[in-house]
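Engineer: Spelled out from the first residue to the last, the chains are:
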Amino acid sequence: MPRYFTEEHEWIDVDGDTATVGITDYAQEQLGDVVFVEVPQSGTELAKGAEAAVVESVKAASDVYAPIAGTVTEGNSALEDEPELVNTSADDQGWFFKLTIADKDELDGLMDAKAYKAFCDGL
Amino acid sequence: MRYLPLTDTDRDAMLAKIGAASVDALFDDVPSDLYLKGPVEGLPLHASEMAVEKHMRRLSKQNLAAADAAFFCGAGAYRHHVPASVDHIIQRGEFLTAYTPYQPEIAQGTLQMLFEFQTQVARLYGCAIANASLYDGSTACWEAVAMAGRVTRRKRVVLSGALHPHYAEVVRTMAKFTEDRIAGARPSLTAMPDDDGLIARIDDQTSCVVVQYPDVLGRLSDLQRIADAAHDAGALLVVVNTEPVALGAIEAPGNLGADIVLGEGQSIGVGLQFGGPYLGLFAVTNPKHVRQMPGRLCGETVDADGKRGFVLTLSTREQHIRREKATSNICTNSGLCALAFSVHMTLLGDKGLTALAAENHRLAAIAADRLAKVPGVTVLNDHFFNEFTLMLDGDARQIVRDLADDGVLAGVSLTRLFPDAEGLENGLLVAVTETTTEEDIETLASALQEKLS
Numbered sequence: 008m009p010r011y012f013t014e015e016h017e018w019i020d021v022d023g024d025t026a027t028v029g030i031t032d033y034a035q036e037q038l039g040d041v042v043f044v045e046v047p048q049s050g051t052e053l054a055k056g057a058e059a060a061v062v063e064s065v066k067a068a069s070d071v072y073a074p075i076a077g078t079v080t081e082g083n084s085a086l087e088d089e090p091e092l093v094n095t096s097a098d099d100q101g102w103f104f105k106l107t108i109a110d111k112d113e114l115d116g117l118m119d120a121k122a123y124k125a126f127c128d129g130l
Numbered sequence: 042m043r044y045l046p047l048t049d050t051d052r053d054a055m056l057a058k059i060g061a062a063s064v065d066a067l068f069d070d071v072p073s074d075l076y077l078k079g080p081v082e083g084l085p086l087h088a089s090e091m092a093v094e095k096h097m098r099r100l101s102k103q104n105l106a107a108a109d110a111a112f113f114c115g116a117g118a119y120r121h122h123v124p125a126s127v128d129h130i131i132q133r134g135e136f137l138t139a140y141t142p143y144q145p146e147i148a149q150g151t152l153q154m155l156f157e158f159q160t161q162v163a164r165l166y167g168c169a170i171a172n173a174s175l176y177d178g179s180t181a182c183w184e185a186v187a188m189a190g191r192v193t194r195r196k197r198v199v200l201s202g203a204l205h206p207h208y209a210e211v212v213r214t215m216a217k218f219t220e221d222r223i224a225g226a227r228p229s230l231t232a233m234p235d236d237d238g239l240i241a242r243i244d245d246q247t248s249c250v251v252v253q254y255p256d257v258l259g260r261l262s263d264l265q266r267i268a269d270a271a272h273d274a275g276a277l278l279v280v281v282n283t284e285p286v287a288l289g290a291i292e293a294p295g296n297l298g299a300d301i302v303l304g305e306g307q308s309i310g311v312g313l314q315f316g317g318p319y320l321g322l323f324a325v326t327n328p329k330h331v332r333q334m335p336g337r338l339c340g341e342t343v344d345a346d347g348k349r350g351f352v353l354t355l356s357t358r359e360q361h362i363r364r365e366k367a368t369s370n371i372c373t374n375s376g377l378c379a380l381a382f383s384v385h386m387t388l389l390g391d392k393g394l395t396a397l398a399a400e401n402h403r404l405a406a407i408a409a410d411r412l413a414k415v416p417g418v419t420v421l422n423d424h425f426f427n428e429f430t431l432m433l434d435g436d437a438r439q440i441v442r443d444l445a446d447d448g449v450l451a452g453v454s455l456t457r458l459f460p461d462a463e464g465l466e467n468g469l470l471v472a473v474t475e476t477t478t479e480e481d482i483e484t485l486a487s488a489l490q491e492k493l494s
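Residue numbers (the working numbering), protein chains in the order written: chain S, 8 to 130; chain Y, 42 to 494.
Just chain S, same shape as in the assembly:
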């Protein structure tokens, strides 16, 4: 399953027509202890770059943007009671939402793991 990355520090797992979106380990480390996550409701149609979710830590509150366009099929309800999953399992259990991919071509503009690592090293 290919994983893509954005310059906004989101990751996207692609499985057929479905994508799962989360924030990267680098991002959660920068944020510090996450205390609240607001995920989008199922059925929400997101344009590429639209505000999709909110993540609040003890240090900051940030928007999470949709890396590609699509329709939300599921928000991670586990984050409602356990926002700290973003810290402990950013790459896996701390995912934010799943969506049906509207246009696969949009994935072309995103980074792979190697490119993202290089991007982070340059920050």
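Worth flagging that the hints you see were computed from the coordinates, not collected in a lab.
Do not rely on the hints blindly, as some may be mistaken.
Claimed, not checked - Think about it this way: if two alpha-carbon atoms lie no more than 35 Å apart in a straight line, the pair counts; the simulated DSBU-like pairs of lysine-lysine are:
(1) Y:196 x S:66
(2) S:105 x Y:366
(3) S:66 x Y:348
(4) S:66 x S:55
(5) S:105 x S:124
(6) Y:217 x S:55
(7) S:55 x S:111
(8) Y:217 x Y:392
(9) Y:217 x S:124
(10) Y:95 x Y:78
(11) S:55 x S:105
(12) Y:492 x S:105
(13) S:55 x Y:492
(14) S:66 x Y:366
(15) Y:348 x Y:392
(16) Y:329 x S:55
(17) S:124 x S:55
(18) S:121 x S:105
(19) Y:492 x Y:102
(20) Y:58 x Y:78
(21) Y:329 x S:66
(22) S:66 x S:124
(23) Y:348 x S:111
(24) S:105 x Y:78
(25) Y:366 x S:55
Use these hints to put chain Y onto chain S, whose structure you have.
Structural biologist: Chain Y in isolation, oriented as in the chain S frame:
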């Protein structure tokens, strides 16, 4: 911190820095014909301090103050005795001049006060979490409606007909900008509120049901029943209270199924003050709703050394962080009024509040019994706390005016509250508090008897 006015040197330095020749040069862009050339029409140029004082004294003598009359006005603003120590404490410089507690290192006292205020409000309302106050009860009412919309993602609001009409008006005004649909009603002059009618208006699009408790006519609904109906439809129950002293005698709304409880805190500590500044109280029963609450919250924590400390918390919902995501356009709280509330509440304590409530109700019951004996007067309510509605044989508004000329402030006529509603002309809302004497009650009864005979 320095609070010094600008000196000429400061001003010159700033002008030199930005390269302007003079202050007037900064306003070059304003067309010259828009400048004010002479005095403002209708305003005198100036007067000496003594002359102004004399003028203001003459104007103030036209008022009939609550303390100088047999006084029965309520309808959301109540005359209570405020101990002198309240005023003394709130005027201490540490409190009076502290503006906003963004700087916790120099505002621990203010923050602690707010924390204790929140604790008192939460306990009074039977709620889990209260905020650090809003501007007043009516704007708090809108905030509750807006919050219910955020929680339920619905936009239909059912207002009780017996909600204070000014509160309803604030909700309607604000809803113009949010596209919330408001289903309101007129009050019915029945001994008990029309809870069945209210419940019938709840549907699956309803975000919240707003009821007042006691209602604007002084009546008491069965809140639990309305709460069940609201919750069955997926809506929240918002309960408005305009007389917090009542909660020393009746069950707290938070214990009867309310989701949001809000009200006017003026009764405790604040005084009538010709209508303001007042104090909006706001609390929720479900801790999960805390992020949708408006206004600021003060929290308790520990510092790096484990010492107890206080902070503004959840600031991301307020205006100073992520302004565009703020839950409200209110960006402060009624700090000094909240302090007055908190000091008065502390002086009362649990027992004091209960005793104060009992005394209010005792005197109100005496007044209702006495006034019911006046020919041409009927008491509407079966139940009340310290405020009830009289039906008079005559236009209440005119009678109130006539009695004011005789030094009796008889209450608030329903026409004044509901200027457009037909069939309410003879209704008079009468409030009684611990400041009302039995002599005052007798004065009102005699005055009404004379006027109605």
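Engineer: Are the hints correct? Go through all of them and say.
Structural biologist: Hints versus structure:
{"no.": "1", "hint": "Y:196 x S:66", "in the structure": "33 Å, holds"}
{"no.": "2", "hint": "S:105 x Y:366", "in the structure": "24 Å, holds"}
{"no.": "3", "hint": "S:66 x Y:348", "in the structure": "21 Å, holds"}
{"no.": "4", "hint": "S:66 x S:55", "in the structure": "27 Å, holds"}
{"no.": "5", "hint": "S:105 x S:124", "in the structure": "24 Å, holds"}
{"no.": "6", "hint": "Y:217 x S:55", "in the structure": "32 Å, holds"}
{"no.": "7", "hint": "S:55 x S:111", "in the structure": "12 Å, holds"}
{"no.": "8", "hint": "Y:217 x Y:392", "in the structure": "44 Å, violated"}
{"no.": "9", "hint": "Y:217 x S:124", "in the structure": "50 Å, violated"}
{"no.": "10", "hint": "Y:95 x Y:78", "in the structure": "30 Å, holds"}
{"no.": "11", "hint": "S:55 x S:105", "in the structure": "14 Å, holds"}
{"no.": "12", "hint": "Y:492 x S:105", "in the structure": "74 Å, violated"}
{"no.": "13", "hint": "S:55 x Y:492", "in the structure": "74 Å, violated"}
{"no.": "14", "hint": "S:66 x Y:366", "in the structure": "16 Å, holds"}
{"no.": "15", "hint": "Y:348 x Y:392", "in the structure": "32 Å, holds"}
{"no.": "16", "hint": "Y:329 x S:55", "in the structure": "30 Å, holds"}
{"no.": "17", "hint": "S:124 x S:55", "in the structure": "23 Å, holds"}
{"no.": "18", "hint": "S:121 x S:105", "in the structure": "23 Å, holds"}
{"no.": "19", "hint": "Y:492 x Y:102", "in the structure": "26 Å, holds"}
{"no.": "20", "hint": "Y:58 x Y:78", "in the structure": "30 Å, holds"}
{"no.": "21", "hint": "Y:329 x S:66", "in the structure": "21 Å, holds"}
{"no.": "22", "hint": "S:66 x S:124", "in the structure": "24 Å, holds"}
{"no.": "23", "hint": "Y:348 x S:111", "in the structure": "54 Å, violated"}
{"no.": "24", "hint": "S:105 x Y:78", "in the structure": "66 Å, violated"}
{"no.": "25", "hint": "Y:366 x S:55", "in the structure": "20 Å, holds"}
Hints 8, 9, 12, 13, 23 and 24 from the list above are not met by this structure, while the remaining hints are.
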